[in-house]
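The task is simple: from the sequences and hints, build the whole structure.
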Amino acid sequence: MQPRRCYCCLLLAVFFLAPAARADSVEVLRDPWGVPHVFAETDAGAFYGLGYATAEDRAFQMTYALRTVQGRLAEVVGEVKSLRRRDTSIDHDRKMRTFGFHRAAQRTAAGLDGESRSLLEAYSRGVNDWFVQNADNLPALFAATGVEHEPWTPADCLASWWHVGQFFATDGTRDLIAGRNRGRAFPQPEDLERMPPDDSPAVVQKSDVSDEWLSGVQQYAVEQGLTPGPPGAPGPKFSHAWVVGGAKTTTGSAVLVSDPQTPVRNPSLFYEFHIQGKTFNARGMGVAGSPVILIGFSTNVAWGMTALGADQADLFLLETDPDHPNRYRLDGRWQPMTVLQEEIKVRDADPINYQVRETELGPVATEFCYARPADGEVALSRVPMAEPNRETIQGALAMIRAEDAGQFDAALEGWRFPTANVVFGDRGGDIGYRALGALPLRSAHDPSHGRKAHPARDSDDLWRGMLPHGVKPSVLNPASGFLYSGNHRPIGSWYPIPIGAMTGMGGDTVRSWRLRERLVAQDRFTADEVLDIHYDSVNPARRDIVRLGLHLGKTEPEALSDASLMTLGVLVPWLDRGASMSLDREGAALALELGTFFRFVNTELAFQYGGGESGLAYFLKSATSRVAESPDTRLNRREREFLDAALESAWVACLEKYGPDPDAWSELARQAVTSRKLGYYEGLDGFPELDRQHALNLPPLDVIDGGTIACQTAQSYTQWAPMHDPDLAMSILPIGQSERPGDESRLSTLRLWSEGKLHPAPLSRDKVEALGVTRTELRYPR
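Just so you know, the sequence shown maps onto residues -23 to -1, 1 to 759 in mature numbering (1 follows the signal peptide of the UniProt record, and there is no 0).
By construction, these hints were calculated from the structure, which means they are not laboratory data.
Built from N, CA and C at the ideal position, the CB exists for glycine as well.
Incorrect hints may appear among the rest.
[What the hints assert, rightly or not] Here are the computed lysine to aspartate or glutamate pairs in the EDC-like style, where the Cα-Cα straight-line distance is at most 20 Å:
(1) Lys72 / Glu320
(2) Lys322 / Glu125
(3) Lys744 / Glu18
(4) Lys72 / Glu319
(5) Lys598 / Asp621
[To be verified] Computed beta-carbon distance windows for the label pairs:
(6) Asp668 / Glu125: 11 to 21 Å
(7) Gly636 / Leu191: 57 to 67 Å
(8) Glu380 / Gln195: 27 to 37 Å
(9) Leu661 / Glu92: 24 to 34 Å
Right, here's the structure in full:
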């Protein structure tokens, strides 16, 4: 076992040589799961202790992620191929150098307000002091890869946050493709009429906003020449969160659950922590290397987030000329590009020289934007790099200091990147939702609203700024008494402002559909009943495919193949028992194979309802509603064909995967889960694991369907916060806190995760200490 916890006192020589120096007392308490609880006299002391604790747990992870976003991956791993693309680590480094995340982080950090910068400096000092004290006891991967520690800086904190944030955002690189594809479409059958937008699931309902707010939003849209456009391509779909207000809880306070859904990693993608300083007491999860709390709660407010995927990046077509090398024309003048000569170091190979060019609009990113020779050069304008005077850390600080939902909502103006849906609630019972993030106000000359590359000839072709906080989709205390987000439609089609290709603009996702079913099912909730929704394992799309299949079997059995009928024969008992997708339920393994692909290429229904998950949900809701109203309803040809294919494909898939005996399928499916591997440091960037001997087999998880609320394979974190008493809160961060093999908190939550359990997550010091803790005492010099 690695030595883990010890008492220590930093900078003793300073105190002996300079007794007059002032220092803050900082304590890091570790609970039985290794979560650090940092208690300090000052806010800076709390940030210092957090930096120290984070380095203790994730020193290599934060360093490796930083090298990745700096464009120094090949320096660590050599030239290796991506697991998902044709790219190599060198291609990745070229892209990161071009996009310039770390250059922009340095500029932004230098311009931060004094308090934000000083707190990031305190965090960075904590990181660096841990490295100094543990230079002879670093994680083994430092020696194995040859990576050396470099002093952590405030810019590194920002870049660490941006590194993960980019995977929950659009990047603009496909805007040229969007322009080429505009007007191209599969020929739509003449007898099909597209359904109106599915507004009923929208988080923000028109009836819940004031006439004054709606009038102001409409006036702003008219003044700025904005008109809503068609929904863009689906963006990232991660996570679900819900909050029930005091009017519907037995405690009178809000109760919130947040479930970010990204595949569980080894070590965890996220980092759980608790910090108490002079002006805040909050806990939750964020990213190793940054002090921002992404999802969390304080003594007053709890919040959860899901990916919004609003468009924060655009391509601009530059006017260039061979007679004016490294220049572009804007406002009738040839402007010089900033030319940077970069050296990309490659482990065990010669370095590569690479040139980066920057413009006023952003970097010249042509080679990464699927450009054709006729397209010319393009520049990439992108948040957060395009907004050096604002940064999410400023909003995050205000969020953990907010005393109620109103203050929290105001604090969200400071959240810049990435965009997100946030639901929140407070001790007083108030709840709210807001679409947050820096959203560009695009040129009035851009009819695509950023969906395709736009010529940059004059300054008025560029972004005009960012949308004001007050016009973004939001609501406080809706009539329903609850709020939820499952990456579905944030606001109805009546909203006049285009915000880009947001997730869920087609309507429901399968998870939002099920959340709503659970939330409307009762008038009042205990705090435990709000949590119980987290364990729900029903996928309503799979359930309703079986329901409609049974209806088809009764009304037109000749429309179903023999394989479809056999599928229904197995799944009728499964449906009668509640349609759980848990693999310990008979039939779930077969239900998991039901065909839910819903695109123009496989069904013409997608022309009518829209493609993808939202279109599938819209079709199934509409069809089941028709059947409920009239049990003798006949389904049309396209509906019959889709349902038959969905049912038949399940039977065929199980035969291929598990063999001819349906009675054995459930057990074989469970065995298949435990054969999956979690590669050690196989992260979002898509490159191979770093050390095979520390890969892990998945434990015997029962719920692996990503269309369920309870999906365990994507349970990257869970938080339940009953705000009448935050000390009752519970959470889990699979698979554990530490990255270090042999550390006692390396797999501290693995068993709980496999069993579907959470652990206590209190805020008060007394309740933390009652868990049984170990202590590290630090001193932070002022």
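How the hints compare with the structure:
1. A distance of roughly 13 Å separates the Cα atoms of Lys72 and Glu320; the hinted pair therefore holds under the 20 Å criterion.
2. Using a Cα cut-off of 20 Å, the hinted pair Lys322 and Glu125 holds, with the two alpha carbons roughly 14 Å apart.
3. Taken as a hint, the Lys744 and Glu18 pair is honoured in the structure, with Cα atoms around 19 Å apart against an allowance of 20 Å.
4. Restraint check for Lys72 and Glu319: satisfied, since their Cα atoms lie roughly 12 Å apart, inside the 20 Å limit.
5. About 18 Å separates the Cα atoms of Lys598 and Asp621, which keeps this hinted pair within 20 Å; it holds.
6. The hinted range of 11 to 21 Å is satisfied by Asp668 and Glu125, whose Cβ atoms lie roughly 18 Å apart.
7. Distance hint check: the CB atoms of Gly636 and Leu191 are about 59 Å apart, consistent with the given range 57 to 67 Å.
8. The given range of 27 to 37 Å is respected by Glu380 and Gln195, whose C-beta atoms sit roughly 32 Å from each other.
9. Distance hint check for Leu661 and Glu92: the Cβ-Cβ separation is about 31 Å, which falls inside the suggested range of 24 to 34 Å.
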